[in-house]
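A.B. asks: Residue strings, one per chain:
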Amino acid sequence: MKKILNICCVIALVICGCKTTTKTPSEQYAESQKRTLYLVVHQTNPSEKIAVKELRRLYLGKKGKWDHLVVVKRYDYPPLQKAFYEQVLRMTSSEVTRYWNYQKFMAGPPRPFIIKRAKDLISILQKEPGGIAYVTSKNIPKNLKIVAEFEVVRK
Amino acid sequence: MKKSIIYLILIMSFVFADDQKKDVDKLKEEIEFLKSAVQQLLEKDKKSQQEVDSLKQEIGKLKNRDQKHEKDHGELKKLRNEVEQLKKTSVKDEDLFSEEDALDPFAEDDVFVEEQLVDPFAEDEQLDSFTEEQQTTEEDPSNAEEYFSEEAELEIEDDFGEEDETEFYLRNAANVQGGYIAEQSRRLTNDVLSVSGFFSLEYSDFQTNSSTVESLFPSEASFNNSHINLYFDARFYENFRFFTELRFLYQPFTEVFELGQVNRSGEVIIERAWAEWEYRDWLKVRGGTFFIPYGIWNLEHGAPILLSTFTPILLRRQIFPERTTGIQANGLVDFEYFDLKYYAWVGNGKVQIEEAALPTQDNQNNKAYGGRLEIQFPYTKVFNELAFGVSAYTGKVQGQEFNGADIQNLIAQVFIAENDVQTIVDLELDGFSAIGEPLDEYLDRAIGFDFRFRFQNFSVQSEFIVNFIKPLKTAVGPLTGVQVKGNSFQEYGAYTQFAYEIDIEQFGLIGLLTPFARLGVVQANNKVSKELGSFREYTFGLNWKVNPAVVLKAEYIIIKFADVDDRDFGAFFSSFNVSF
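These protein sequence lines are chains A and B, in that order.
Here the first sequence stands for residues 2 to 156, numbered as in my numbering.
Here the second sequence stands for residues 221 to 800, numbered as in my numbering.
Calculated directly from the structure, the hints in this document are not laboratory data.
This one's a predicted model, so the numbers in the text were calculated from it and none came from an experiment.
Be aware that a few hints might be false.
In silico SDA-like links for lysine to any residue, alpha-carbon gap of 20 Å or less [as the list claims (entries may be wrong)]:
(1) Lys297/B / Pro26/A
(2) Lys66/A / His43/A
(3) Lys54/A / Glu605/B
(4) Lys64/A / Ala454/B
(5) Lys283/B / Leu299/B
(6) Lys74/A / Phe456/B
(7) Lys504/B / Leu70/A
Construct the complete structure from the given sequences, taking the supplied hints into account.
C.D. replies: Below is the structure:
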């Protein structure tokens with residue numbers, strides 16, 4: 002009887018072990034969609050590190066000028082926009098939409114510009130001393146620098 | 221004999237030696253010819269060998285390209301499968317209200333192709349290859365779909381992290397969060413002027429059993445183009461901005477009286493027009509016509525973002541003026557756990573619009589002053605949409621100059637319609653007009669408190685305003701001719717609005733449906749005009765946000781007066797709002 006019980010326990014453990022190690026297709030997919038977001042600014046920008054709170058203020062237009070008094074130009078990159086707002090700024094899509102709708106009627110700050118191609122984004126940032134944007138590549142031109150990075154799952 | 225034989229041989233050898241020399245020369249010539257022929261052949265061989273090598277190299281390249289093509293096809297299939305899987309597994313995650321949902325994904329593809337054609341960043345080679353590819357695609361339209369996807373993958377190879385992302389975006393354009401992508405992608409990063417606005421079509425129907433009240437409202441249900449508002453926002457220099465909102469009320473006609481009894485009315489109102497200089501985030505100075513910063517409703521000005529069509533009567537009374545012309549300073553200061561917003565302003569006081577030469581011109585030397593403080597908690601989890609505000613205003617008002625809102629006029633006219641002159645006489649004897657205001661100059665002060673909170677789908681907002689009125693001069697009543705100075709008094713009002721947002725996609729419908737209820741109380745000059753100045757307002761309605769740009773509203777309002785039930789009335793309001 003003890004032997005049977007032991008065997009059952011071993012089988013149960015094996016099954017449980019298998020279950021925990023086997024990933025479902027959606028988990029596998031999520032795993033494959035992991036990315037690192039690099040926040041990029043111009044080399045002349047004195048900011049070396051940007052925390053989430055400041056990033057949120059920058060991207061919501063609450064901070065309109067950098068510390069060196071250059072006007073902030075914010076850029077969104079659609080392929081990673083959802084991941085950026087949800088996982089970095091902790092705002093749902095409806096919150097973001099609602100926020101900018103309100104700003105529009107309250108004469109608030111303008112919403113970030115949307116640049117659809119990373120190549121264009123980098124080109125613009127190179128020419129824009131007050132620009133900030135997020136990309137997924139560390140290989141950026143010399144006149145730009147990375148001020149923050151975040152692990153996200155692309156959605 | 222031997223000698224003769226030897227001589228003979230010698231003679232023959234001499235003879236034949238000459239012939240042999242000739243043959244050797246010939247042979248030498250032949251050898252030279254053969255040598256040059258061989259050399260030529262060798263050179264030819266060398267050339268052909270080189271050709272063979274280059275051909276081999278080309279074949280190798282072609283083989284590599286085929287392999288890459290096959291690999292790309294494999295990855296393409298894999299991506300498609302993944303996308304299909306994602307669509308199946310995460311249908312609930314789709315944000316139906318991201319404004320981009322309105323975009324046609326096929327249109328996005330078109331945009332992408334167009335973008336490649338005119339892309340200033342694309343290299344010449346890419347353009348050339350694209351043109352060639354385009355030609356082949358035109359020849360065989362059945363390959364179009366395959367062409368687009370392949371082209372997208374090949375074209376973006378060494379973009380900055382874009383290789384994967386753009387492909388993903390193109391396939392899932394409808395699911396990517398964001399708003400106004402189509403609009404914004406057309407915007408240049410250096411543009412200085414943006415134009416937007418909204419349009420409202422309203423339907424109103426007043427219902428009352430009181431004949432005197434009924435005569436004062438439009439008796440027929442009616443459609444109105446109540447709002448055509450245009451916003452112009454110009455950021456013409458780094459620290460400077462100009463903003464204006466023009467409202468075409470009903471029709472862009474001023475009052476026109478003609479002999480044929482035609483009376484067309486309408487106005488073009490400059491709702492806002494100011495220029496702003498930004499020093500820092502904590503100091504912005506603007507001058508011009510602006511909304512008085514108080515409460516929630518007056519700041520969140522715009523029919524598409526307001527839940528109801530009808531403004532609460534408390535606010536229609538304009539205890540705080542709706543707008544003024546003057547100077548305002550405002551800014552935002554951020555602290556560790558909260559943000560603090562402030563406003564301070566000085567401007568023209570309350571004036572009766574009909575009598576002023578210009579609506580934005582003051583009729584006295586005293587100016588009105590005011591301010592507002594607002595605290596928000598955007599960095600907290602639960603209270604990130606909680607805000608408290610306190611606003612204040614002070615100014616002097618010339619007696620009977622300010623007629624307030626239309627509802628106040630209606631109240632006065634009820635007495636007249638009912639031939640209730642005694643009430644008006646009593647009011648005058650106390651030093652007040654029919655609408656409960658002092659007969660002459662008075663000090664007008666107000667303080668308002670407001671809060672709003674949103675937690676997930678539930679939201680609540682409330683405003684409370686107290687008005688302090690102090691008559692400054694003795695006045696002669698127009699009916700009684702008696703000199704009298706009224707006493708100071710207070711009036712107050714409040715409203716609270718509850719709403720719950722429902723995602724009706726789960727019921728197979730489109731958009732967000734928000735039922736809401738609002739309770740309002742107005743207690744105006746209780747001592748002298750309680751009869752008509754004090755009432756409760758109940759509003760029940762639905763707000764259907766079809767998408768971020770289109771909103772439908774319907775509501776029913778019940779007004780219950782404090783003392784006289786006969787005058788109670790109801791009204792149905794509905795509106796269709798489009799923002800752009």
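A.B. asks: If a hint holds in the structure, say so; if it does not, say that too.
C.D. replies: Hint-by-hint comparison with the structure:
no.	hint	in the structure
1	Lys297/B / Pro26/A	holds (16 Å)
2	Lys66/A / His43/A	holds (14 Å)
3	Lys54/A / Glu605/B	holds (16 Å)
4	Lys64/A / Ala454/B	holds (19 Å)
5	Lys283/B / Leu299/B	violated (24 Å)
6	Lys74/A / Phe456/B	holds (15 Å)
7	Lys504/B / Leu70/A	holds (14 Å)
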